[in-house]
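Here the protein sequences come in this chain order: A and B. Start counting the first sequence at 1; every next residue gets the next number (the working numbering). Start counting the second sequence at 1; every next residue gets the next number (the working numbering).
Treat the hints with caution; some may be incorrect.
Estimated spans, in silico, between C-beta atoms of each pair [said to hold, decoys possible]: (1) B:SER601 to A:TYR89: 20 to 28 Å; (2) B:GLU578 to A:ARG54: 57 to 65 Å; (3) B:PRO162 to A:SER98: 50 to 58 Å.
If you are wondering where the hints come from, they were derived from the structure by calculation, not from laboratory data. Cβ coordinates follow ideal geometry from the N, Cα and C atoms, glycine included.
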Amino acid sequence: METIPIEHGLILAGILFALGLIGVLTRRNIVFVLMSLEIMLNASGLAFIVAAARWGHAEGQVMFLIILTLAAAEVAVGLGLIIQMFRKYQTVDINVLSEMKG
Amino acid sequence: MLDLIWLLPTFPLLGFLSLVLTSGRLPKPIVAAIGAGSVGLSFALAAMIAMTFLGSGEDYYIVETFTWMSVGSFTPGFSFYLDGLSLVMMLVITGVGFLIHVYATGYMDEDPGYSRFFSYMNLFVAAMLMLVLGDNLVLLYLGWEGVGLCSYLLIGFWYTKPENGYAARKAFVVTRVGDTSMAIGLFLLFAHFGTLNIQDLMHAAEIEWATGTNLPAIAALLLLGGAVGKSAQLPLQTWLPDAMAGPTPISALIHAATMVTAGVYLIARTHVLFELAPDVQILVAWIGLITLLMAGFTAMTQTDIKRILAFSTVSQIGYMFLGLGVGAWSASIFHLMTHAFFKALLFLGSGSVILAMHHEQDIFKMGALRKVLPISFASFMIGSLALTAFPFTSGFFSKDEILLAAIELEGVGFWLWLGGVVGAFFTGIYTFRLMFVVFFGENRGHHCEGEYGGWNMSVPLMILMVLSLVGGFIHIPVEAVFSHGEAHEEHHASLLIEGIMIAVPLIGIGIAYLFYGSKTLSVENLMASSLAKNLHKFWNSGWGMDWLYDRLFVFPFMWLARINAKDIVDQFYGLVVEINRAAHQMIVRSQTGYLRWYALSVATGLVLIITLGVLL
Chain A
1 METIPIEHGL ILAGILFALG LIGVLTRRNI VFVLMSLEIM LNASGLAFIV AAARWGHAEG
61 QVMFLIILTL AAAEVAVGLG LIIQMFRKYQ TVDINVLSEM KG
Chain B
1 MLDLIWLLPT FPLLGFLSLV LTSGRLPKPI VAAIGAGSVG LSFALAAMIA MTFLGSGEDY
61 YIVETFTWMS VGSFTPGFSF YLDGLSLVMM LVITGVGFLI HVYATGYMDE DPGYSRFFSY
121 MNLFVAAMLM LVLGDNLVLL YLGWEGVGLC SYLLIGFWYT KPENGYAARK AFVVTRVGDT
181 SMAIGLFLLF AHFGTLNIQD LMHAAEIEWA TGTNLPAIAA LLLLGGAVGK SAQLPLQTWL
241 PDAMAGPTPI SALIHAATMV TAGVYLIART HVLFELAPDV QILVAWIGLI TLLMAGFTAM
301 TQTDIKRILA FSTVSQIGYM FLGLGVGAWS ASIFHLMTHA FFKALLFLGS GSVILAMHHE
361 QDIFKMGALR KVLPISFASF MIGSLALTAF PFTSGFFSKD EILLAAIELE GVGFWLWLGG
421 VVGAFFTGIY TFRLMFVVFF GENRGHHCEG EYGGWNMSVP LMILMVLSLV GGFIHIPVEA
481 VFSHGEAHEE HHASLLIEGI MIAVPLIGIG IAYLFYGSKT LSVENLMASS LAKNLHKFWN
541 SGWGMDWLYD RLFVFPFMWL ARINAKDIVD QFYGLVVEIN RAAHQMIVRS QTGYLRWYAL
601 SVATGLVLII TLGVLL
């Protein structure tokens, strides 16, 4: 079986990370911001997997598992905060949360 | 016995400390016991020391306690130097001081600041003793500034009235002018001789400096600056009349008997230096003469009982300076002592009058008080007689000696003598003008209940009366101090001169009687012409000295303060603050509060750092 070159996997991870970052920066709906964050996390997870496969190490996969649980926990906390925000402001527009400006 | 001399300033200092540390929580009898008792202890000790010292027949005695500071070869210590001069000063300060303290226990009875008053008084006595007993000029300067501080605190004792605070500041600033000059004098002496021990200094000056050269003249002039400031002589005399804002015992103790004579003491102590500078010495005499005449004129026009006495003090210290200037050192010190007696008596007497009149000080609102206030009347009578040099009172002997020494001086001596005699004539007029207006004539309607206070106010008055009467027969043991250069003791005055000196004050008294006693002559007629009115106004304002100084120094300074209200130096530091604030405003703009902005900053930063890491 022909192996996929490591560069391809890393480029894919990079593209995913950039897409996620662009989503975080441009989206106004906080739910989409959270989803973009998930994409970024998965991009980094993909990079770990690719690297682990390339050198045949198990640590990369372990790291991906940690990232997975981290993402799950983060989503739980994040969604909870979003609900609180919605209760308080009746909106999910992230620009509303700019009270901490200088 | 003599080694216990360090206890003299220590007693009042302990009194000061205990009163200050309890900050007015002690009951009045205890405060009075500490305040007057500590000075009383000092006086008892001073008397015993004086007897031992005179019995020992020594010329001087030095007690060294400990070194104050040690900077290279400069090691002034708390060392005390006892000789005839400091002995006389120490007895006057503790003796008269004790009587005034006892009097003040009655005078200040109803004052809420009772304890504060006695703490300052005790500190003053301690500082004054330090001044006269110190064997080096640094210790003298410590006492000098200490008494200045106490004078300031006590003039402004009733600090709730703004005028009193103003008078206190004026006294402090004006004397500070003199003190600065004196400090420069000390630097000069130290730079040349490497010591400030007075006796070493005088010996060294005698050997190294020739008479009439520049250096001793400059040094003497600088010290004279300090002396005229402290002793309220021309041109720094303007603070003393205003200093009467303080309580009357203060005027008696500080501004008549002791502190203002510190300048006389300083010149007498450093008389060797002044003998090396004859020009400066004769300047001292002229300063004294002009001051005593100017103050005499002003005293005749004043209406406030204490201001009359204040100008009379300025005038009498003028006599002491005149004596110093003609080389009659011991006569000046003698006059200092008798003046301390009779002027303290007059001030304490005026204090009794003021209390009995419910703090009325205008003499033309008093009258016919001799029956109502017999003790005050007696003290004023005796004090006034001594002040006008009535024959055989204490002031007669001392003033006589000064004037006889003046006339024996070659050259200008006669003119100095004549000026002094004219001054004595004015003394007679203004003193008995006060007497006749206050104690004789008709009652001017002001209510007066009679003598105020108990034995603690009358006994000091009586003791001072006795001293003012017989003080002239006391022999002060200062020959050894002024052994060389002293104008010789035996005066060969002709009967004519002696007669003039006795008659002139009596003529003054007579004129005062004609104007204010029998009213044969009328002041109104005298004042009718506009020239007389203007002269009266001019003299009343103290020869316009306050007016002049306001325009020369006070107003320009205030003007400078006004245009520089924002302070040029401060503006530089204000600029630093402004730059910081502007930078802050710029950075604040980056804190938008938008999450995406922060995320972008983090991402951009990361990219930059990684790029840098890859490239380099």
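Hints, verified against the model:
1. B:SER601 to A:TYR89: 20 to 28 Å: 25 Å, holds
2. B:GLU578 to A:ARG54: 57 to 65 Å: 59 Å, holds
3. B:PRO162 to A:SER98: 50 to 58 Å: 56 Å, holds
When each numbered hint is compared with the structure, no violation occurs for any of them.
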